[in-house]
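My request is simple: use the sequences and hints to build the entire structure.
Residue numbers (the numbering used here), protein chains in the order written: chain H, 1 to 245; chain F, 1001 to 1592.
No lab work stands behind these hints: they were computed from the structure. Mixed in with the good hints, there may be bad ones.
What the hints assert, rightly or not - To be clear about the criterion: a stretch of chain F counts as covered by chain H if any three or more of its residues have a C-beta under 8 Å from a C-beta of chain H, and this derived list gives those stretches:
| # | stretch |
| --- | --- |
| 1 | 1050 to 1062 |
| 2 | 1108 to 1114 |
| 3 | 1186 to 1200 |
| 4 | 1364 to 1374 |
C-beta: ideal position from N, C-alpha, C; glycine also.
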Amino acid sequence: MAGIARRRLLTTTAWLLCGAASARAMTVKGALPWAPGEADPPQPARPGPWVFFTPEEGADVEALADRLIPPDPDTPGGRDSGCAVFIDRQLAGAYGSYQGYYMRPPFQDGSKEQGMQSPVTPAQRYRAALAALDKHCRAAFAGKPFAQIPDDQKDAIIRGLESSSLQLDGSSGRAFFELLLKDTQHGFLADPIYGGNRDMAGWKMIGFPGARYDYRDWVERHNEPYPRPPMGIEGRPAWTPPRSQ
Amino acid sequence: MPRKLPGKDVVIIGLGWTGSILAHELTAAGLDVVAIERGPWRDTATDFPPSYAPDELRYRLHHELFLRPAQSTLTFRNNPSQTALPIRTWGAFMLGNGAGGAGVHWNAETWRFLPTDFTLRSHLTQRYGAAFLPEDMTIQDWGVTYDELEPYYDRFEHLCGTSGTAGNLRGVIQEGGNPFEGPRSRAYPTPAQKQPFSHTLFAQAAREMGYKPFPQPSGNLSQAYTNPLGVTLGPCTYCGFCEWFGCGNYSKASPQTTILPVLVRQPNFEARTECEVTRILLDSTGKRATGVVYADTSGEEWEQPADIVLLCAFSIFNVWLLMLSGIGERYDPQTGRGHIGRNFSHQTVSSAIGFFDRRKFNFNPFIASGAIGMCIDEFNGDNFDHSKLGFVGGGYMGQVQSNGRPMETTPVPPGTPLWGPEWKRAIRDNYLSTVFAGAGVHGSCYSYRGNYLDLDPTYRDRFGRPLLRLTMDLHENELKMSAFLTDRYAEIIQRMGATQVVKQPRKGPYSIVDYQTSHICGGAIMGSDPGSSAVNPWLQSWDVPNLFVFGMSAFPQNAGYNPTNTVAALAFRTAEAIRTQYLKNPGPLVHA
Ligand SMILES: Cc1cc2nc3c(=O)[nH]c(=O)nc-3n(C[C@H](O)[C@H](O)[C@H](O)COP(=O)(O)OP(=O)(O)OC[C@H]3O[C@@H](n4cnc5c(N)ncnc54)[C@H](O)[C@@H]3O)c2cc1C
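In structure tokens:
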């Protein structure tokens, strides 16, 4: 365990410590610098209540995800496949604050070839856009939040954000749409360890076998469907007892 | 004031591919070597074991094994009329950080350049006349020839155990290999990898069209291999988590799987990780490097004196350190004077997506490796007649699809809505039956007067140093080439039996957002004339002869291939020159 902690410090966050008088650089001499069992495994998304979202925000994001990826008779939609849980845990983690991005000023708009130039982090964007969306919906639909309006109205709002025809108070609707869409799709297709792609619904739907890591027996079986079911970093549900909710 | 450490024979800046090669060659020659590396130590068992290496979110989307822009980045603009803005998150190319450098997460596509690539300007001028080249195209000869490099290509391939089929053995063309390659002295150390369905189908279609397809030379090994250092690599399992990922099977050639286990046991070698070199020190004459200054993770500065300084920090970081240390004259695009920063280039990649009938085609796209693929070379370099085409350059093309990772590789036919039931259905219906390799066409990018590196006037790094500034755009020559090559490529995908082919030729302006390749080059180019190069044919600085600069920064322009075999061959060649010539008589290896 001590080994794991040290490793994590060295690899994942080392660059963050620059300037802080903590970890000192390492010297490697005579042997490879690792001990058995030392590793840096991913942190599974913890089940349970929202971590970043408020309950209202969480309900809205579930409703949004369920329109971006609607359920059908064969495959659950964004809500039941856990996309909002995935986004919640991502926003609470390094991604939410754009950790690792170059975030020094001055910030100024550039050409699209120059890429992302906004000082707004994903966590800030969700917070502001969800508040503005809530305000818009309550004003337009007799006090109802996004999660409680009819599906065709939900779709109309999403189309409005997509086409920039709907402006959110103090927050770019189009930028929020792009962020939300990307995060939702990632939640549908990322390893289930991160809280989305529940029961590997996204992978089963397209036919991706997941983290199997060895296809030597199938590489030359051309045009034959791959026979084994998907597997995640934590294995398969059938192998491990379900985590308590 | 940095604290001064005891001196060493050699200090190496950066322990990636070139740093590892040089460290091994020079410790073997008995020199006392220290390598200073900006990122952490990395190893297979601790950093990317098979149990969690296949994590698309962590490594592909969140860039966990790469340099973070917060630590170092550069600014970018298309032309001097714009204000350059910082690259806040990586897009167009990726940068290594930590022991092994970008060798940890490269694909290991292990190509040699064509003999004529090294004599590009003379060759094209001779064949088409000087007037055929655009006026502002600044391509040059390298000052080294294919024949001079051949033994060192051979060394790198045998270090890595490269899997492939020879196309030209000592001048005799071989069935099944690349007939356009330069003569090789030996066959590849291991046979070519097996090929999945779509890759095989590409080869079949290409053959029917009269081309000569061959397996892409791969550092994802077809079988176990023990290299000349005694390090053993395992067979590739076609897991499809290769490019952007570390390999958990010890089957992708990297410094970790070929050199480092032996190197760290040398008593005369030491590595210091998470230490960033901030400048190279010169003596009062400015003609001799006395060592380097680096900062550790606490921000404390150290001075490491050394007799020889080897700059192995990767292309753009080499150029940045030269500028920050005041070595050589900085390039001025107005006057054309100065060499540091001149002839920056990248690559012109493009693709064509093939959508196939899912009732007839199941490609299992997830069965792949970083350097898998079947390619043709008919349209590379000057392998084809350009006289009526109005451009120069070319590239290899092939079905080189390296993965079916679902966040990255779920293309949908044009016109599909971005979301909703149609999108969901489209990814379901196309995932298994689509052919898509982002760099299916791997084109050259030649150099121009207006594409260069200098220092940014506004943005700074965490130490307060000015960021490197990139000014770069694509030129008509490359855009024409890309259109032509992409058309040829699309014809082959069509012939494979696609129901819909979507061409994606490279379009301008050059963008920092979409991943192209990580093969950015130039800025400290090599040549036989100090009037037109920063380093001599031994990669030795013309200005500071005890400083050698390795990596793609030395390329005068980019060829239609991946660079690392050439980068490594140049490194082996220089290592030998240091051992056999420089140590006996330290000083310039070429007299200007
Ligand atoms: C995603 C990806 C895929 C690729 N695929 C291929 C491929 O298939 N085929 C191919 O031929 N090439 C490929 N490449 C390119 C290949 O990885 C490089 O050509 C090769 O690693 C270059 O070796 P190098 O020693 O010049 O740089 P690197 O291997 O990158 O090593 C440079 C090292 O220097 C360190 N460093 C930088 N600045 C400092 C400093 N100031 N102080 C201390 N240390 C410093 C860095 O942290 C790094 O570890 C790929 C690259 C990437 C990123």
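Between the stretch 1108 to 1114 of chain F and chain H, see if three or more residues pass the 8 Å beta-carbon test, and mark the coverage as holds or violated.
violated (count 0)
Confirm or reject the coverage of the stretch 1364 to 1374 of chain F by chain H under the rule of 3 or more residues with a beta carbon closer than 8 Å to the chain's beta carbons.
It holds, with 3 qualifying residues against the three required.
Against chain H, does the stretch 1186 to 1200 of chain F show at least 3 residues with beta-carbon separation below 8 Å?
Check passed, 5 qualifying residues.
Coverage of the stretch 1050 to 1062 of chain F by chain H, judged on three or more residues with CB within 8 Å:
That given contact holds, which follows from 11 residues of the stretch 1050 to 1062 of chain F lying within Cβ reach (below 8 Å) of chain H.
Hint compliance for this structure: hint 2 is the single one not met.
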